[in-house]
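Protein chains in written order, with this note's numbering: chain A, 77 to 560; chain B, 39 to 165; chain C, 391 to 827.
These are calculated hints, taken from the structure and not from any lab test.
C-beta atoms are modelled at their ideal positions from N, C-alpha and C, and glycine is treated no differently.
Please note that a few of the clues may not be correct.
[Said to hold, decoys possible] Far from chain A by the CB rule (all over 12 Å, computed), these chain C residues:
(1) Val-574
(2) Lys-592
(3) Met-729
[Unchecked claim] Here are the simulated DSBU-like pairs of lysine-lysine, each with C-alpha atoms no more than 35 Å apart in a straight line:
(4) C:Lys-561 to A:Lys-364
(5) C:Lys-711 to C:Lys-542
(6) A:Lys-494 to A:Lys-441
(7) C:Lys-759 to C:Lys-544
(8) C:Lys-544 to A:Lys-422
(9) A:Lys-237 to C:Lys-638
(10) C:Lys-638 to C:Lys-544
(11) C:Lys-674 to A:Lys-237
(12) A:Lys-382 to A:Lys-159
(13) C:Lys-568 to C:Lys-711
(14) C:Lys-446 to A:Lys-237
(15) A:Lys-84 to C:Lys-561
(16) A:Lys-263 to C:Lys-765
(17) C:Lys-678 to B:Lys-101
(18) C:Lys-613 to A:Lys-237
(19) C:Lys-674 to C:Lys-542
(20) A:Lys-87 to C:Lys-638
(21) C:Lys-673 to C:Lys-638
(22) A:Lys-364 to C:Lys-427
(23) C:Lys-561 to C:Lys-613
(24) A:Lys-263 to A:Lys-87
One-letter residues, chain by chain:
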Amino acid sequence: MSKLIFEKNHKGSNSFTIPPADIPEVDIAATIPPSFLREAAPHLPDISEVEAVRHFVDLSHKAYGVDNGFYPLGSCTMKYSPKINEWAARLPGFSNIHPYQPAQTVQGAMELLYNMQNLLAEITGMDAVTLQPAAGAHGEMTGVMVIKAYHQHRNDHHRTKMMVPDSAHGTNPATANVVGFDVIEVKSNSRGLVDLEDLKSKMSPEIAGLMLTNPNTLGLFEEEIQDIAAVIHEAGGLLYYDGANLNAIMGISRPGDMGFDVVHLNLHKTFSTPHGGGGPGSGPVGVKSHLADYLPVPLVVKENDKYVFDYNRPQSIGKVKNFYGNFGVIVKAYTYILALGAEGIKDAAQQAVLNANYLRQQLKKDYHIPFDRLCKHEFVATAKTQMDENGVTTLDIAKRLTDYGFHPPTVYFPLIVKEALMIEPTETETKERLDDFLQAMSAIAEEARNHPEIVTAAPNNAVITRVDEVTAARNPIVKWEDNF
Amino acid sequence: MNIPKNLLYTSEHEWIRVDGDQVYLGITDFAQHHLGDIVFVELPELDTEVVSGDSIAVVESVKAVSSVYSPVSGTVVENNEELEDSPELLNEDPYTNHIAVINIDNPDQLEDLMSPAAYEAFCAEQE
Amino acid sequence: MKYTPNSPTVVEDMLRSTGFSSLDELFTDIPEAIKLKRELNLGSGRGEIELTRELKGLAAKNLTTEDYACFLGAGAYDHYIPAAIDQLLLRSEFYTAYTPYQAEISQGILQSIFEYQSMICLLTGMDVANASMYDGGSALAEACNLACTNAKGKKVLLPDTVHPEYVQVLKTYAISGKMDIVTVPSDRGVSDLDKMISLVDKDTACVVIQQPNFFGHLEEVEKLADAVHGQKGFLVMAVDPISLAILKPPAELGADIVVGEGQPLGNSLSFGGPYLGFFAASKKFLRKLPGRIVGQTTDTEGRRAFVLTLQAREQHIRREKASSNICSNQALNALAATMYLTLIGSTGLQAIATRCHQLAVYAAQELEKAGLKLKYQHPFFREFAVLMDDPAGVNDRLLQNGIIGGYELPDAMLLAFTEKRTRAEIDRLVAVLGGRA
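Generate the whole structure from the sequences, applying the supplied hints.
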């Protein structure tokens, strides 16, 4: 177990210094009234550089990234993050520029943003793109705000409801609520797709739109997407594309051509920027021309060979974060798109879908696959067999997988499948890796049959055993409470 | 599944015990079982006026959250503060640990509630 | 470049064993009418040599804070970043990991977030902090939303001394209809306290104060705190984390929710992002906070362990009842902030904050000696506005002199100071501003 950084405190061991002052060192109390000043400095840990470095290296040993191994986390697209991306974002010309520098001193950065807007518009089939949102959920919020602004601008104030399928990511209904819509849930049919009849029966002049992921969270393509789009549009609603699963279809089919009006992307999923242990991500939003006026300010435009920030957009919803978006992340995704080019982008989608179907076919020997047909980049298996026969749950299987050196799939999602294991291999895995994973899954199924106690006690090889989440939530300790 | 005979029930898995003008309100065994280990209960404030159908409390487990709806209109006259420190009481004995007591406006509203037998059938359907 | 590692032979093999004859056959579920009948217009792929050439070319068109002395602040600051930080951030166990849902194999990331939360509490004096949010502006919007969901009313009193981009973000979030933003103007460089207090009523969910404010000045907070608490509303503060080395922690001023831009803590300027918004609050908000929270618990053997906790607040469980839709944090940026605070320590942070202030004081005095006037006369921390007719024109002149000038106000320039600035740079700045260069 690692000591907390606070427990490594040794008074006087930190030797960080700043240059000697070459200006008068006036007493702060002479220039700031004492009523504003704090009595004692905050008690940060006092630690030498070498021990600080070792602390964080030690913590890194207790983390698991894509570079450690296979990470089939469904809907998260944990593909390999090319190292050249990291290099690019760290170029001083990108990392050491202030967001308020005069435009003539940051033309390279603005050109990159401008190009990226266009590349993403092309990939999604949209007319205008903002790079401002900081994450997928933030992009969702931006897109749904755009939908709200559009209806408001048309004095269509009755559209207070947003439709969301029952298979949707939790962010969809949460986003709709946060932006001020009531949520209407649309059912899935027996094939795992949007139930068109249910959708029609719930359409009304109060519906602002439908938020849809395609392929959906079961990894299935919404084959009736054109009919869905027609139903929504005929009733005056707008169609929102949750880009979480774009990796399956890029270069093959575009949301804009399917009838979507708004789309958000996850650069940290589809375009290989690393997830960073939870962020930063980037969630650009693309729209069709009838919604372009509502996008956040500023957009980058080109005027006489110069790149400028266009703030003069009176119908814009405003801003969803400071400045222009997670630029450093955008640089990485831009590098990735340039590296792959048109052919590589399509190849990535094809290989992602092949890997998923390969796993699905092989895995069904040991695991129940509720929608066992051609899938896209991911599919859902379940622990139904193991649960029914030996009381081994999805959670047990997930934990046991870590003993075999794999990150577990997404578990217990989507909510419409019991004991779900949502598996997304991505395109950057070799057949050997997939086979290793299949072998592990098969071995776990075998263990579940003959020695279920091994699986239910897992993990056995991690730095800790299973954690007490109940106590954590009943009596929360969310910060270090001791004194030096 | 424990369904005491002396209580009334709702389709939201709440139980009601009538005591004169007051009703005691809690969650059923079915509800606590499906929520799992309960980690927090957000209680209604005293003197809150509620309309039947209002959410008056929230029960949280590690992986789930559930609103508690009042099936009657009235005023909250008591909340079970013991649950603030010991939410697990709802798992241990959901029927002796009520969440709130409501002074009801209109006793007729009690007629819409389920009998133990009706609730048992309702639960069977849900399983 | 391609990052798909299977050779064509292996692909053929996999297709065959999966029952498909071609890659195209994997997409028969997509109706023909909506398939793209052409290649995307993205150009051909590039190898690393071409990529480096192209990206270096773009980067070279930007003028950096390494080449020029930077006096720009206004929410993003050119602080020194200890060398160890980037080396550590490049450990790919950190940066290629996902959100630490699987606690047993994510203890390193979970512990680093727990340490981050603890440090944010130490700086702000607050009881609890979350794992971080997108940036300072969106954190403020979330803070006001939190106040509105937990107060009787939904009025947000906002002085116009708050950063204009924060204001814009907050107003954009208010499209939800869940917040009524009331802007309180002032022309004095600090908020109009009397007016603010007179506007506090039973519908007031919160008042917002930025400390130091957008113009760099220090705001009197305590009376406002009393007024809003008297009406059962909340005090929301947006603060500069570097300033907290020397300024009174917001908790002592009566703040209920404290947010801020965490970029100055070891994160590069990067043209505005990625940064992190820190978010701290008093204990009563613990189970209401937006975003991720890491908690300490034990494993089945009784050993200390960390885990994402209080998840019943979040979108994946509460869905349409969640009061925030955020489902990530800026983990790597928060990690950089934790490393920064560790590497510089309390004395380092205090030295940096003090130097920032002293350089600003020196600059203000020299500018006044050179005949310029400060726009407002109030105590400041590390930033102030100096009056001038044509800030954009002056910034052009500064550029010609190797200086990235300040933020342009209509009649003034907002200048910011970090520990990286030197007397020589300030003297050069003053010479240009004073018309002597």
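These are the hints, each one checked on the structure:
1. For Val-574 of chain C, the shortest C-beta to C-beta distance to chain A comes to about 19 Å, beyond the 12 Å cut-off, and the non-interface label holds.
2. At roughly 23 Å, the least C-beta separation between Lys-592 of chain C and chain A is larger than 12 Å, which holds for a residue marked as non-interface.
3. Here Met-729 of chain C does not stay apart from chain A, with its beta-carbon only about 6 Å from theirs, under the 12 Å limit.
4. A distance of roughly 24 Å separates the Cα atoms of Lys-561 of chain C and Lys-364 of chain A; the hinted pair therefore holds under the 35 Å criterion.
5. Under the criterion of a C-alpha separation no larger than 35 Å, the hint pairing Lys-711 of chain C with Lys-542 of chain C is consistent with the structure, at around 18 Å.
6. Distance restraint check for Lys-494 of chain A and Lys-441 of chain A: the Cα-Cα separation of roughly 19 Å lies within the 35 Å cut-off, and the hinted pair is therefore satisfied.
7. Under the criterion of a C-alpha separation no larger than 35 Å, the hint pairing Lys-759 of chain C with Lys-544 of chain C is inconsistent with the structure, at around 48 Å.
8. Note on Lys-544 of chain C and Lys-422 of chain A: the hinted pairing is violated, with a Cα-Cα distance of about 49 Å set against a maximum of 35 Å.
9. Of the pairs offered as hints, the one joining Lys-237 of chain A and Lys-638 of chain C is violated, with about 46 Å between alpha carbons and a cut-off of 35 Å exceeded.
10. For a cut-off of 35 Å, the pair hint linking Lys-638 of chain C to Lys-544 of chain C stands: about 28 Å separates their Cα positions.
11. With a CA separation close to 32 Å, the supplied pair Lys-674 of chain C and Lys-237 of chain A stays within the 35 Å bound.
12. At most 35 Å may separate the alpha-carbon atoms for a hinted pair to count; Lys-382 of chain A and Lys-159 of chain A meet this at roughly 31 Å.
13. Under the criterion of a C-alpha separation no larger than 35 Å, the hint pairing Lys-568 of chain C with Lys-711 of chain C is consistent with the structure, at around 14 Å.
14. Distance check on the hinted pair: Lys-446 of chain C and Lys-237 of chain A sit about 48 Å apart at the alpha-carbon level, beyond 35 Å; violated.
15. A C-alpha spacing of about 44 Å is found between Lys-84 of chain A and Lys-561 of chain C, which places the hinted pair above 35 Å, so the restraint is violated.
16. Our distance criterion of 35 Å between C-alpha atoms is broken by Lys-263 of chain A and Lys-765 of chain C, whose separation comes to about 61 Å.
17. Restraint check: the Cα-Cα separation between Lys-678 of chain C and Lys-101 of chain B comes to about 16 Å, which is no more than 35 Å; the hinted pair holds.
18. Only pairs whose Cα atoms come within 35 Å are accepted, and Lys-613 of chain C paired with Lys-237 of chain A is rejected, the gap being roughly 42 Å.
19. Distance restraint check for Lys-674 of chain C and Lys-542 of chain C: the Cα-Cα separation of roughly 16 Å lies within the 35 Å cut-off, and the hinted pair is therefore satisfied.
20. For the proposed pair Lys-87 of chain A and Lys-638 of chain C, the alpha carbon gap of about 23 Å is at most 35 Å, so the pair holds.
21. Under the criterion of a C-alpha separation no larger than 35 Å, the hint pairing Lys-673 of chain C with Lys-638 of chain C is consistent with the structure, at around 19 Å.
22. Between the alpha carbons of Lys-364 of chain A and Lys-427 of chain C the distance comes to roughly 20 Å, so the proposed pair stays at or under 35 Å and holds.
23. A hinted pair counts as satisfied when its Cα atoms are at most 35 Å apart, and Lys-561 of chain C with Lys-613 of chain C qualifies at roughly 26 Å.
24. Between Lys-263 of chain A and Lys-87 of chain A, the direct Cα distance comes to roughly 61 Å. Violation of the 35 Å bound is thereby established for this hinted pair.
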